[in-house]
Every structure is written in structure tokens, then in C-alpha cells.
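Colleague: All chains should be built: construct the whole structure from the sequences, respecting the hints.
Sequence lines, in order, name chains A and B. The numbers in the numbering used here rise by one with no breaks, and the one at position 177 of the first sequence is 263. The numbers in the numbering used here rise by one with no breaks, and the one at position 78 of the second sequence is 585.
No lab work stands behind these hints: they were computed from the structure. Note that beta-carbon positions come from the ideal geometry of N, C-alpha and C, so glycine has one too. Hints may be right or wrong, so weigh each one.
Stated by the list, open to error - Computed, partial: chain B to chain A, Cβ under 7 angstroms:
1) 637
2) 677
3) 693
As the list claims (entries may be wrong) - Taking lysine-lysine and the PhoX-like style, the derived pairs with C-alpha atoms no more than 25 angstroms apart in a straight line are:
4) A:287 <-> A:237
5) B:695 <-> A:209
6) B:519 <-> A:191
7) A:191 <-> B:695
8) B:682 <-> A:159
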Amino acid sequence: MTETQQKPIQPDPQAKMQSINLDVWFGQKQVLKSINLSVKPNTVTAIIGPSGCGKSTFIRTLNRMHELVPNAKLNGQVLLDGEDIYAKNVDPVMIRRRVGMVFQKPNPFPTMSIYDNVAAGLKLTGAKKGEDLDDIVKKSLIQASLWEEVKDDLKKPGTSISGGQQQRLCIARAVALRPEVILMDEPCSALDPIATAKIEKLVIELKQNYTVIIVTHNMQQASRVSDFTAFMYLGDLVEYGRTKDIFESPKSKLTEQYITGEFS
Amino acid sequence: MNLNSYGLRKFKNRFFFVACAVCVVLAVAPLVSILWEVIVRGAPQLSLNFLTATNAKDGIGPAIQGTLILIGLTSLIGVPIGILSGVYLAEYGNNHFGSTMRIINDALTGVPSIVIGITAYGVIVIGLIGSYSAIAGAIALSFMIIPIIARTTEESLKLVPNNIREASLALGAHKWKTTLRIVLPSAKSAVITGVLLGVARVAGETAPLIMTILGNRYFFQGLNEPMAALPLEIWRDSLQAQQSIIAQGWGAALVLILLVLSINIIVRVVSRGRLRK
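Modeller: Encoded structure:
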């Protein structure tokens, strides 16, 4: 620990996103301890760990949603293409356009139709004139593998479809803004196994165009969808590497215990 | 199982139900009797002449017009201020200033209307304008409507789940757009209910009007002139000796009730139509 603090971490030129010595507090309580993690472009990175280990907090620091929580404090850097997103001149709103997010519970806008939900990001952030909304909505829904199911019901309320469809609608909504990174905070925890399987398939497809970081409490899911896995425990990043290595030959005793189900 | 205690518990259950049912009847009975009285005594008065003519020709036209103008002006002043205050308290008011404002706002809700009337009389009628006037009445009524709307707006916005706000912010929307385009529409029906409650409440206020718009036997003369209103009409008519004028007061009361009811229905239909778009 002290060794890493003495040796400054260098920005990784190949990383899409990278956290450097990231500390986070809620009030007096430190919930993330010096997290150093670098995410490669067009990969899926899974973050696993028991409840309360800080995995959701961590991904919320990656698009500055973290600072919306009262009493939240942060120290360290988060780089997006090598630029610190917490630098003084950076507007969080611009970061959130580049780093999209899908939440634990599907949260389509209840007052909007399916179509308007997908178009919401563009409308709320001031869509550029000349952009063909119909086309973007269709492409986004296709990318979220939802188009075939809703193409005749675009005017229906976004909350009228099933939970799994709502979650894919939320993915379409995030994708419509053409972000560079998509963060997913346990996107399947409120869904049944069939809906979960669809989302997992989608996550793997998404990495062709986006960098995906997914928080999950489901280790099988992490091993199915991700290229890299980070294991967190009590605010520390215990181990990070290729998913295959983490699951087959973990270096840390703690990781091995967690993966084999000795604690959860 | 002890059957005696079972019987007792069953009795308690029935007793509770009956008590609730009796109370709801007790609560509604006066309301129904008021409505009944107003309809029976007021309905015979209703005629086109009664609704459109001036007092000299046995009508309450000026009072209806005055009340409509008052409601319009009051809403024009009070609704935007009330809703935006409510938005501040709900979305930004998590600080000392916010909680102080909340307490003051709650206190304002409870200020007797006569106090608001006399304040408006002192400040606006005597101080600013120098005569009884329609605008003074509208300002006095907006003092009453603002705290009601602010409070109900705040409460309805707080009921909007936070994950909806987060969804919008995570799309890169600014806070004001999130509030205006996502949060307020989600709470729209509750906010509208609050506005209607406020309008219904002030539409029937008499005390502040006595000291601000005074009353007028003629149709609208200008914002700086005295104006008629239904509550004033009811009050003045009921003090008269002639039975025919007292009967006109009942008619005016029925019109006031119908007016508030129809505003209620119209706003609900219109806002529902918008949602379905």
C-alpha cells in the first residue's frame, strides 16, 4: 500500500478510462481507498464484490454522478482519454454525455412514450438541428435489441412494457446519445433469467462500439460477459485482470474465497 | 383456541368498521345539507338575465365577471410564483435558507384572510394606488394562493422518485431541464390539484375583498377601479331586507359553487388531454 502511494501512477495511454489514487468519502466514512484501475477501449469490464464494497460508488465516480450525493467527497483523478474529468474547467454535464449510465432498476421516464424516452437525451441536451430523430431512435432501439418488439408501439408509454424491455429501453436511451463509455450498475438485478440473458447478450454486442463497465453481484454473469474483472472488497480494489485469470487462477486468497463462495 | 376471545375480537373488528362508517357520514352530512340548501334556494333564481344583467336589472353579471377577472389575475400572479417557490423548496431547498422559507411559507398559509386584507388595504389601497381597486384584490388573493401552491408543489415534487432525476442527469441534462421537463411533468396532476385547491379556496374569500375591491354595481371599469365579485354579492345581498334580494344572494352562492366546480373539471380534462398526446 505505502509502496504504491510513493510510486506515482502514470496515466496509461491505452486506457479509455482510468482512475488514479481515487479516494471517496461519504461524510467521515471512507468508502473507496486509493483505487487504481485502467479500462481498455471496446472491452467489457466487470466489477464484482460483496454488497457495500463500493462497486456502485466507484462507477458513479466515472460519470460524476457521485457528486450528486450530499456529503460526498472525492480525492484523486479519473481520466477519460487521458483528461481528468474532475479538473476545474470540466462541466459534469459534458462528461455525462460521453459516459452514459444504465441503472439497477429500469427507470424510463413515466410521462414519456417509448419513442420520447429514446429521444429524451437528445431533446434534453438540445438536439442539433438536422439530426434525424426518427432514424436515431430506430438505430438505438435496434442496438438495444428492442426494435422488433416495440416498433408498432412507439407511442405507448415507456412504462407499459415489461421490466426487461424497460431496461433495454433505458439502454437504448443511453445509446441514443452516442456515448463513448456505458456504465451499468447491476442492470439485471431486477430482472428474470430470460430478460437477464438478453441483456447479457446485448452487453457483449455493445462492446463493438462502446466501452462497457458493468457492476454485478453475480459472478457467473461477470465470467460470461466480461473481458476484464475487478474484485473489490471493503473499498479496496483487491485484484484486477483478465476475467479468465481472475476466475481460474486468482492471485489473492480473498478473491479465491469470494469466487468459490466462501463468503458473499 | 379460546372462542370467547375470538368473539370479542370479531366484535372489535365490526365496531371499528361501524365507527368509521358513522364518522364519514357525520363528516359529509353538513356538506350535503349546505349543497342542498344552496341548490333548492338558488336554482329558481338562475336565468339568462340573472347571469348577465347588472344589479339594477336584478342580475349578478358584474359579480360573475369580477370573480372571473379576479381568479384570472390572481392565478397570473400567484401560480408561477407559487410553483417556482415549490420547485425551489423541493429541488434546491435542502439548506438553512430553504428551511427558513418553508417555515415562513407554512405560517403564511395560516394567516387569517382578514389580516391579509387589512395589509393589502394599508399597503396597496391606501399606499400605492390610492383607491379601492381590482388589482389590489388580485394581489391580496395571490398572497393567499402562493403559500398553498408552493406547499403542494413541494410535496408533489418530493414524491417523484429520485431515480427519474438521476436518469435525466445521467443523460447529461442540466438540473433545470431535468426539473422542468422530467420532474414537474411527472408530478403534473398533483401540482394541478394544488393549484385548483388554491383557486377554489380564494375564489370564495370575502374578507380581503371587502378591503380591496370594495364592490361595484357596474361591469369592469378598469384595474384601478373598484370591482364586483360573487362573495361580496352574496354577503351584501344577504344583509338586505327585501326577500327578492336575499334570494339573489342564494343564486349567487349557487353560481359561485358551480364556477369553482367547472374550473376544476375543465382544468382536469385539459391536462389529461395533454398527457395522452
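Colleague: Taking the numbered hints from earlier one at a time, note which ones the structure violates and give those numbers from smallest to largest.
Modeller: 1, 6
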